[in-house]
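Undergrad: Sequence:
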Amino acid sequence: MPSDSTCQKTETAGEEYLRPTAYIDSDHPIVVATARELTTGTTTDVERLGRIYHYVRDLPYDILASFRYLAQGRTAASAVLEHGVAFCMGKASTFVALSRAAGIPARVAFQALDAPKMEFLSPEVRVLWGGPVGRPLPWHSLGEAFIDGRWIKLDATIDAPTAARLGKPYTVAYDGHTDIPTVEGPVLRENGSYSDYPAEVADWYLRVAREVLDALGSPGAHARVAADDILWRGPDPELVIRQAVA
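Under this note's numbering, read the sequence shown as residues 473 to 718, first letter to last.
Misleading hints may appear alongside valid ones.
Under the rule of at most 27 Å between Cα atoms (straight-line distance), these lysine-lysine pairs were calculated in the DSS-like manner [unchecked claim]: (1) K625 <-> K589; (2) K640 <-> K625; (3) K589 <-> K640.
Hints were generated in silico from the structure; no laboratory data involved.
Based on the provided sequences and hints, a complete structural model is requested.
TA: In structure tokens:
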């Protein structure tokens with residue numbers, strides 16, 4: 473069973489965790505159809521959530537390909553399903569959207585990660601983000617679902633084949649009760665849970681995507697973006713966390 477430090481035991485989850493939003497567009501036709509297809513024949517929320525989790529987790533992880541459509545303003549979960557690849561932002565929003573479409577309350581959570589090797593990032597992004605000594609991942613996204621009276625964290629960011637190939641396989645199996653942590657690196661800080669993407673975080677991801685693509689097209693921009701510690705630091709967690717629900 474999950475520990476009290478990682479799961480909040482409650483009796484109910486509010487309606488806000490079932491509503492669609494601009495980023496978590498659980499009412500979009502492709503989201504609704506995918507949720508229906510994934511959960512056909514299931515009889516319990518644990519089984520439904522398991523199918524959603526494994527589906528989202530094993531969408532290919534490709535941060536550069538994801539930045540290409542994100543930079544066009546394609547920020548919603550439906551865009552992830554249409555493109556078929558994602559990074560942590562898209563994986564989290566898609567997991568939450570599909571869960572809500574299936575009637576399971578869900579929300580987005582964020583963590584700062586210590587991942588100095590950044591081995592899962594596309595090489596072009598790794599050079600920019602890592603800098604000369606490596607930087608943390610300050611606003612890693614993941615999903616949380618409310619099931620059997622408690623919230624559980626289910627990180628679906630890295631597809632299982634890629635995790636195994638790079639020597640960081642998943643060590644926790646889905647059971648509907650136990651948190652599944654990221655395989656990317658240790659958690660430095662919990663940045664709270666939210667019913668929707670905070671604007672500061674969503675806007676930051678969009679800016680990073682556009683800056684990365686600019687950097688790949690210009691040596692001058694490449695040097696500027698690689699040296700921009702303020703960009704890679706992300707939004708001030710003390711300001712964003714004021715909006716957190718947990």
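Undergrad: Quickly compare the C-alpha distance for K625 and K589 to 27 Å and report which way the hint goes.
TA: 24 Å, holds
Undergrad: Holds or violated: K640 with K625, Cα cutoff 27 Å?
TA: 19 Å, holds
Undergrad: Please work out if K589 and K640 have their alpha carbons no farther apart than 27 Å.
TA: This hinted pair holds, its Cα atoms lying about 12 Å apart.
In this structure, every one of the numbered hints holds.
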